[in-house]
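Engineer: Here are the chains, one letter per residue:
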Amino acid sequence: MPPPNTPEEGLTAPATQSVYADPFRAPSPHPSSAIAHASQGESCIQELDYQSIEYIEPVDDTLLCPVCKTPFHSPITTPCGHTFCAGCINRALETQPTCPIDRQPINKTRDYHRLPLIIKDQLDRLKVKCPNKGCDHVCPREHLEGHYERRCDFTLVRCPEPNCSRLIARRDATPAKGCLHRNVACEFCHKSMIFAELDAHYDHDCDGATTKCPGCETDVPRHRLGKHQSEDCAEGQTQCRWQAAGCVAVDKRWVIEAHQSSGCPFEVVGRLLEQRAEDRKIIDDLTRRLSSLEAARARRRDVRERRTTEMALINGAALPSLMSPASTDVPDLTLNDNMPIFPGATAADNGMWSSPENYMLAQFERFETQMEELRKQTRDMEARQSINTLQHTTLVNEQMGELASRVGVLNMHTTWLMNMQRQSHAQQRAGGSNAGGPPNSSGMSHSSDTSVSAARPGSSSDSGTTRYQGGSRRNSDGRGETLTRL
Amino acid sequence: MSFAQDSQNSALGSVQANKLGGARKVVEPGQNAAKRLQTELMQLMTSPAPGVSAFPSADGNLLSWRATIEGPDDTPYSGLTFKLSFEFPANYPYAPPTVLFQTPIYHPNVDFSGRICLDILKDKWTPAYNIQTVLLSLQSLLGEPNNASPLNGEAAELWDKDPTLFKTKVMDRHKDVEDE
Ligand SMILES: [Zn+2]
Ligand SMILES: [Zn+2]
Ligand SMILES: [Zn+2]
Ligand SMILES: [Zn+2]
Ligand SMILES: [Zn+2]
Ligand SMILES: [Zn+2]
Ligand SMILES: [Zn+2]
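Residue numbers (the UniProt record's numbering), protein chains in the order written: chain A, 1 to 486; chain B, 1 to 180.
What the hints contain is simulated information worked out from the structure, not anything from laboratory work. Heads up, none of these hints are tricks.
Some chain A residues close to chain B (C-beta under 10 Å, calculated; not the full set):
| id | residue |
| --- | --- |
| 1 | D49 |
| 2 | Q51 |
| 3 | S52 |
| 4 | P66 |
| 5 | V67 |
| 6 | T70 |
| 7 | F84 |
| 8 | I89 |
| 9 | R91 |
| 10 | A92 |
| 11 | E94 |
| 12 | C99 |
| 13 | I101 |
Nothing here was measured: the structure is a model prediction, and the numbers come from that model. For glycine and all other residues, C-beta sits at the position ideal for the given N, C-alpha and C.
Next comes chain A alone, as it looks inside the complex:
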């Protein structure tokens, strides 16, 4: 390892400074945007900054650039397999020509690979909010640049006045309005601002600019008028609180307030409905928690069933003919799994469970007993399985013994036949030399007579023959045994 620099050596290496000199060599991913401006005749000055976009939903970690820690923008992959925003990696390479993750050398642009389209699609679909102040536009990310650069009313563009170099929101950038950049002071609070911002100031934060409420004729700050009318104004039109329960009373606020306090006929129903809504919420919450529990249990059951089938397969492959009777007494592992856990809304409604906690507790106890039962059954099954295996092994052993004895018999047959052949050859040779000619029919019958007599039990001292006799007996005994056992 090369000795690290001492702290005294500054962090402002020449390479670092060059980043400032030419900060944005990053290629723009949407080369068409500039051309689009030309056709519209106005240019959006500030490039859309992808790093400041607000994402509506949480973004998966794998889609975040390791350098800027925001979702990739026009990503590339290095030869070492790491992915970065093109802008981020280009800027990093200006300082150091290596991968920021594993320090593999990288040759700028020549070494880059494009990303699978599936990643691009994922990035394109991310829901984002327009970064312009005042704009609430939400869209998939692939459409944001079009919105920002061509359509959004709040994007800053050049002032239509040729001598003015400042920026203005697109909706105010019309030749008719002219330059809105002259400085003015608010006539109510005397704050200084540019003319273009005056309206927004009145409507949003000036406490001095008041206006008369058309209903109650009191002065209210302009930016609070809407809230006043919908919530406070005594002359404003409003509905009875128990509208959802069926009350149709609509009148000025002070009338309605009197109506409510003197006892709206729908109040009882309304309160019941509110109660129900609350119950509903509790039930929904419980259902959600239970369904997640049930899902977890289903996953466990899947695993268990897979194991059972695997076990059956293993056994079936080893002893195909003997397994079938055994498989019928495998215990029913499904138990009462198919019974729904949640007894329906009724249980919660009639107060059977005093609280969600008690209800959950009861469920857990049920699960535990079921688990215990399953465990017992598994143990039973294991015992039965090992007994089965033992029996089958014994049977197979016996069959093997029988086969061995049959092989022995065959062996003896062969020995006996070969002896026979040897004997008849010897006799033929002897007969041939005596007669001095081809053997006649009587000579043949004579030789076959001797061979038959040699086969007769006890008549010969040939050891092969005796063994054959014994083997034969053993054989028949063994077969009888097997048959009775089967």
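Take the given structure of chain A and dock chain B with the ligands to it, following the hints.
Structural biologist: Chain B with the ligands alone, transformed into the frame defined by chain A:
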């Protein structure tokens, strides 16, 4: 379309933008650093690493942070807590932060003014590092000093020769500091 073509097209695009009478304004330096630090702050708060913590300093300047490291078990620093300061350059994460120990520490790679000799804070820095990885590296540096290039030669010698004396010196030097 290859990447090379992509960049050619964008060059063409910027030429046209220039013709339209306005070079596109770019994000000022420091703004991206602040954004990235905001993201890191979120990450540190949602998934904190055990034994280390960091937070922007009280004055609201996002380019200046305070951090703490707990001394790892089975090291002479076990049971001690160390405060550090992070100063981020405007081009962070393309350049490393300046990290200093605020709590006095007796360590082969830290000098008496708290300056740290750690390669990833100097020439081995890459923009993929972040506050959390730096803190974790510093934490492991406490247990495994790089005695080949010490800032505190005596400490480097004692580390191997006399662990008991080393521990005494660590305890002597350590004292709690207030946040300024
Ligand atoms: Zn790499
Ligand atoms: Zn990036
Ligand atoms: Zn917008
Ligand atoms: Zn203007
Ligand atoms: Zn005002
Ligand atoms: Zn009013
Ligand atoms: Zn009513």
